[in-house]
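2 protein chains.
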Amino acid sequence: MPETARSIPRRPENRYGNRPTMKDVAARAGVGLKTVSRVVNGEPGVTPDTERRVQEAIEALGFRRNDSARVLRKGRTASIGLVLEDLADPFYGPLSRAVEEVSRAHGSLLINGSSAEDPDREQELALALCARRVDGLVVIPAGDDHRYLEPEIRAGIATVFVDRPAGRIDADVVLSDSFGGARDGVAHLIAHGHRRIGFIGDMPRIHTAAERLRGYRAAMEDAGIAVGDAWMSLGVTDPERVRGAAEDMLSGPAPVTAIFAGNNRVTVTVVRVLAEHTRRVALVGFDDFELADLLRPGITVVAQDPARLGRTAAERLFQQLDGSLLTPERIELPTRLIARGSGELPPED
Amino acid sequence: MPETARSIPRRPENRYGNRPTMKDVAARAGVGLKTVSRVVNGEPGVTPDTERRVQEAIEALGFRRNDSARVLRKGRTASIGLVLEDLADPFYGPLSRAVEEVSRAHGSLLINGSSAEDPDREQELALALCARRVDGLVVIPAGDDHRYLEPEIRAGIATVFVDRPAGRIDADVVLSDSFGGARDGVAHLIAHGHRRIGFIGDMPRIHTAAERLRGYRAAMEDAGIAVGDAWMSLGVTDPERVRGAAEDMLSGPAPVTAIFAGNNRVTVTVVRVLAEHTRRVALVGFDDFELADLLRPGITVVAQDPARLGRTAAERLFQQLDGSLLTPERIELPTRLIARGSGELPPED
DNA sequence: TAGAGCCTGGACAACGTTGTCACAGCCGGG
DNA sequence: CCCGGCTGTGACAACGTTGTCCAGGCTCTA
Numbered sequence: 020m021p022e023t024a025r026s027i028p029r030r031p032e033n034r035y036g037n038r039p040t041m042k043d044v045a046a047r048a049g050v051g052l053k054t055v056s057r058v059v060n061g062e063p064g065v066t067p068d069t070e071r072r073v074q075e076a077i078e079a080l081g082f083r084r085n086d087s088a089r090v091l092r093k094g095r096t097a098s099i100g101l102v103l104e105d106l107a108d109p110f111y112g113p114l115s116r117a118v119e120e121v122s123r124a125h126g127s128l129l130i131n132g133s134s135a136e137d138p139d140r141e142q143e144l145a146l147a148l149c150a151r152r153v154d155g156l157v158v159i160p161a162g163d164d165h166r167y168l169e170p171e172i173r174a175g176i177a178t179v180f181v182d183r184p185a186g187r188i189d190a191d192v193v194l195s196d197s198f199g200g201a202r203d204g205v206a207h208l209i210a211h212g213h214r215r216i217g218f219i220g221d222m223p224r225i226h227t228a229a230e231r232l233r234g235y236r237a238a239m240e241d242a243g244i245a246v247g248d249a250w251m252s253l254g255v256t257d258p259e260r261v262r263g264a265a266e267d268m269l270s271g272p273a274p275v276t277a278i279f280a281g282n283n284r285v286t287v288t289v290v291r292v293l294a295e296h297t298r299r300v301a302l303v304g305f306d307d308f309e310l311a312d313l314l315r316p317g318i319t320v321v322a323q324d325p326a327r328l329g330r331t332a333a334e335r336l337f338q339q340l341d342g343s344l345l346t347p348e349r350i351e352l353p354t355r356l357i358a359r360g361s362g363e364l365p366p367e368d
Numbered sequence: 020m021p022e023t024a025r026s027i028p029r030r031p032e033n034r035y036g037n038r039p040t041m042k043d044v045a046a047r048a049g050v051g052l053k054t055v056s057r058v059v060n061g062e063p064g065v066t067p068d069t070e071r072r073v074q075e076a077i078e079a080l081g082f083r084r085n086d087s088a089r090v091l092r093k094g095r096t097a098s099i100g101l102v103l104e105d106l107a108d109p110f111y112g113p114l115s116r117a118v119e120e121v122s123r124a125h126g127s128l129l130i131n132g133s134s135a136e137d138p139d140r141e142q143e144l145a146l147a148l149c150a151r152r153v154d155g156l157v158v159i160p161a162g163d164d165h166r167y168l169e170p171e172i173r174a175g176i177a178t179v180f181v182d183r184p185a186g187r188i189d190a191d192v193v194l195s196d197s198f199g200g201a202r203d204g205v206a207h208l209i210a211h212g213h214r215r216i217g218f219i220g221d222m223p224r225i226h227t228a229a230e231r232l233r234g235y236r237a238a239m240e241d242a243g244i245a246v247g248d249a250w251m252s253l254g255v256t257d258p259e260r261v262r263g264a265a266e267d268m269l270s271g272p273a274p275v276t277a278i279f280a281g282n283n284r285v286t287v288t289v290v291r292v293l294a295e296h297t298r299r300v301a302l303v304g305f306d307d308f309e310l311a312d313l314l315r316p317g318i319t320v321v322a323q324d325p326a327r328l329g330r331t332a333a334e335r336l337f338q339q340l341d342g343s344l345l346t347p348e349r350i351e352l353p354t355r356l357i358a359r360g361s362g363e364l365p366p367e368d
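Taken in sequence, the protein lines are chains A and B. Numbering-wise (the working numbering), the first sequence opens with residue 20 and increments by one. Numbering-wise (the working numbering), the second sequence opens with residue 20 and increments by one.
The hints are simulated quantities; they were obtained by calculation from the structure and are not laboratory data. No false leads were slipped in.
You can't tell identical chains apart in this list, so a pair holds if it fits in one copy or across any two.
Restricting the straight-line Cα-Cα distance to at most 25 Å, the calculated cross-link-like pairs of lysine to any residue (SDA-like) are:
no.: 1; residue 1: Lys42; residue 2: Gly64
no.: 2; residue 1: Lys53; residue 2: Asp68
no.: 3; residue 1: Lys42; residue 2: Tyr167
no.: 4; residue 1: Lys53; residue 2: Leu146
no.: 5; residue 1: Lys93; residue 2: Leu52
no.: 6; residue 1: Lys42; residue 2: Ala174
no.: 7; residue 1: Lys93; residue 2: Arg123
no.: 8; residue 1: Lys53; residue 2: Arg83
no.: 9; residue 1: Lys53; residue 2: Ala174
no.: 10; residue 1: Lys42; residue 2: Ala147
no.: 11; residue 1: Lys93; residue 2: Asp341
no.: 12; residue 1: Lys93; residue 2: Val59
no.: 13; residue 1: Lys42; residue 2: Arg95
no.: 14; residue 1: Lys42; residue 2: Arg173
no.: 15; residue 1: Lys42; residue 2: Leu146
no.: 16; residue 1: Lys53; residue 2: Pro170
no.: 17; residue 1: Lys53; residue 2: Ala147
no.: 18; residue 1: Lys42; residue 2: Ile172
Make the full structure from the sequences, and use the hints.
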């Protein structure tokens, strides 16, 4: 009596391309399922001899534990998510690398994605990561309303925001001191004799951009300088428009003699524009960038420490996970002014 | 008779901090488990009225599907892994961003990690990703033996290597034409009159480094120039030693009049060294980098297209997954010489 | 040598989801 | 009025692992 296909409990080709499971290993080694589990996890209570047999079977079958099942059972995924603005932005390289290092030190993997500065995409990404049940989330906000994360946080997903604060929820935040940095940078220009100082920055709906603008205003006010109508350019971000904004400030009857650039992309564009002018215009940029010291003159910058931002955030995340359940806090890291020449040029009319 | 604790089927605080499950949603909506599943997955066959009730329950409880369980059941994780050398290296930013974009277009998440150029760490990472049952793997090799991936590939994990070839296994590979690029770059220097040309590159055990060296030798040989003993520096990689190597080539009785730099980190260091010398030395670097055009002179480079590398690799990966099960192939992308000044300087003794 | 205690190993349920299948109710045609 | 099919719904098993618990065999002591 041949067995019919019907009578065989279907094992439909095991969709991971037919991977061996612990059951298979157990059968081959002639031991129980749990014993294999113990060997795989290095749990005690297995005779050396049994262990060897199991190891051989694992080797022979090419078994690798299925972490999905493990996660389902244990509830911890040993992975954290990172939502950033753009993986390709050099500012975020060291930041994510630092997050990764800390994560690795805690035995976690890093899952990440770019929001491309789009709030909807940020939300979509963050929630997808939550559906994977990452243990924690490091978010560089694109949007300004993060209430959508409330149920997740309540459900125990650790969360830290970096570089920009969270919107409308109470959460851990790690920031650079954008206000103070910008104020110092502008004050530096003022100290070198400038009065007509331009500011080019990102959209003020971005917190850091707003803070830097505030720092600019504060420094000007401290020096008793009234800000000219045409000295500020807000919300321009693509190179062409930054270029236009810079040209505008540099022309007219009373052109600026110095420019403060709100982030490194703006700085670089401004450097290009200034290279085309004969008049020497002073420049201080927010954010350091590679080769800033090699240009002539070197570019004076207000430097953040992206690696430290990332490290601090990630460490805070794992503190949350360790249960040292601190109340949400706002951590501001100091910036550092690096004088390289461009910020020390005297005014030239 | 009060129920005793024993008699209650244990629901031990549900370790995801107590997340609602489909069961909870079903109970609340007064429907069956499977109906909730149907609603969540947008499957047909649910009355609008029932669907509304379920949606309300989902909303009220803050339910989010547990993808771990889903993965366990379905066998596809909708995520791919990327093992790269260093997240913080600007060369890999656009590459990983491109992989991410393609991945996203296919509805997959990206999990990544840095090997830090350490073969063991590469293996550890790749296997950890396999244990998570990523659907596919994009690897920038650090090591030169990838046989450890054989069981995984057999088990159905799609795999593509980028930037450097796989070692000792037959797999898809996407590369830049390092040999041709280096040959062209060196030929460019020769065309501008140089005969004594130095080469500073990475360890020849790295395939790209070896290929670039080969390109250098080929160009020199084509021009009938015998390579001087002191003209080559291989395997130096940290800035201090690159600096030393450059200084060595630039001193002595017959110093080089031009340098070919094997990758962008070397190029940048060489730029720094040359800036300290009065003698004008020509320079061509492999890899483009931001601001190369702003330096004086601008730096002539052999440019790769990292985004295209990443995109090509990721697309190939998803082709493997789609089942258009092409045989492993080696794809070489062309490089492009960008003349900016430093490579066109005439020899100066 | 019997009993207590320890050590090794295995049976079984549970994690939260989805695929399979069956069933109830309804409709229209014969 | 009956029957076949169609539609919406739910019960149940299975995915691969780990935690719990118990059994059997061993050693050690009285």
